[in-house]
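S.K.: Sequence:
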Amino acid sequence: MNGRPKTVPHPAIPFSFFAAGLAAIGGAILWPIFQEPSRLALLHLLVVGGYATIAMGALYQFVPVVGMSKLRGAPFAFVHLAFAVAGTCLIVSGFALSRPAFLLAGGELQIGGIVIQVAVLGATLWRGPRAVPARAASFALGWFAAAAVAGSLLADRLQHGLPTGRLVGVHALLGLAGFFGTLIVSVSFRLLRMFERHDLESRTALRGISVGAAAVLAIFFGRAGTIALIAVALLFAGDLIDVVRHRSPAYQRETLLYTIASSAGAVGATIAAFSGWWYGAVVLAAWFFVGCAVAGYIQRIVPFIWWIQRARREGVKHIPTLGRMNQSQLGQAILALWVVAGVWMLAAPLGRGPAFVALAAWIALLAQLSRPFILRR
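Last residue of the sequence shown: number 488 in the working numbering, and the count goes up by one each step with no gaps.
Possibly wrong hints are sitting among the right ones.
So the derived label-pair ranges between C-beta atoms look like this [what the hints assert, rightly or not]:
hint, residue 1, residue 2, range
1, A458, Q270, 51 to 57 Å
2, Y390, W237, 29 to 35 Å
3, A447, T118, 19 to 25 Å
4, A230, M179, 15 to 21 Å
5, V355, I320, 22 to 28 Å
6, F187, E147, 26 to 32 Å
No wet-lab data here; the hints were simulated from the structure.
The beta-carbon is built from N, C-alpha and C at its ideal position, and this holds for glycine as well.
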């Protein structure tokens, strides 16, 4: 039982990204408790430093495992992580200190990191089977790269005192709708298949294309294109209704609950954007749509990675099951706290109250993620 399957990367790769991302989320939650931060600095610390970093680490695990191919150039993943962390620090500092030069340098580092990951995952999938979820998830990196380029163009215009025009909206759509939308759809169908025993993976390609097309329409046609985003969000919600109708009550329901909360955030964010409520659209997209997916899915991914590692080393009979590694009641409490914090944020922007609730959710999330490492059979 020693060793790992050739398609399973060393856990140090995803776990390093997860640790950096969770630290950034904690920093974003703590910041409003001690002082009033720059909203853009806070948003980028949460979304780029937290969610995106965790997503990148998950892709290093998800793509070779689902794509059934050995991860090529694995050591370069740590170079990517260094670029991502440094880039995030510069971007957040640039917004906090009003230094466009920092923004530009940080964006360039993020682009460099994404180029590394595209090369690594591209080489991984080059000769492997045509696994649609793995390829769709990898395709999402193109959206992240486009968002980073748009952000760098924004920083350059700010540095030279030029108007930004529509670049702000384009940057947000490429990142939140294009990158996270494509990625969440791709990963959701795989996790729902694994933990709800209901297979919707045949819809992955069509849903991913729909998300991308809707994002492009919203970029070029504004409010009219936002209607397409609303339709895609409702379509994804319909997929989840299909899962609810056919799921077995014998399985843990946290994956479905987090996905439903994420889907509700997507619907709410697109409707808020259409109505012109931009603050609400950002909170619903970042905290609910992306945040619920990240907080929920990492509770599945971390135990799964560590279960494989321990099973190969100690044997299946000597380790806890995945169900015990992920405590259901704790997972549901984290989701409840996360939702309460988000609703409070909508009513009290950057208030200490929602920050304290979010802090409780983050601490509970850390406790949940520590269980696979300390739990014994």
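S.K.: Are the hints correct? Go through all of them and say.
M.R.: Here's how the hints hold up against the structure:
no.: 1; hint: A458 / Q270: 51 to 57 Å; result: violated (36 Å)
no.: 2; hint: Y390 / W237: 29 to 35 Å; result: violated (43 Å)
no.: 3; hint: A447 / T118: 19 to 25 Å; result: violated (36 Å)
no.: 4; hint: A230 / M179: 15 to 21 Å; result: holds (20 Å)
no.: 5; hint: V355 / I320: 22 to 28 Å; result: holds (25 Å)
no.: 6; hint: F187 / E147: 26 to 32 Å; result: violated (39 Å)
Of the numbered hints given earlier, the model fails hints 1, 2, 3, 6; all others are met.
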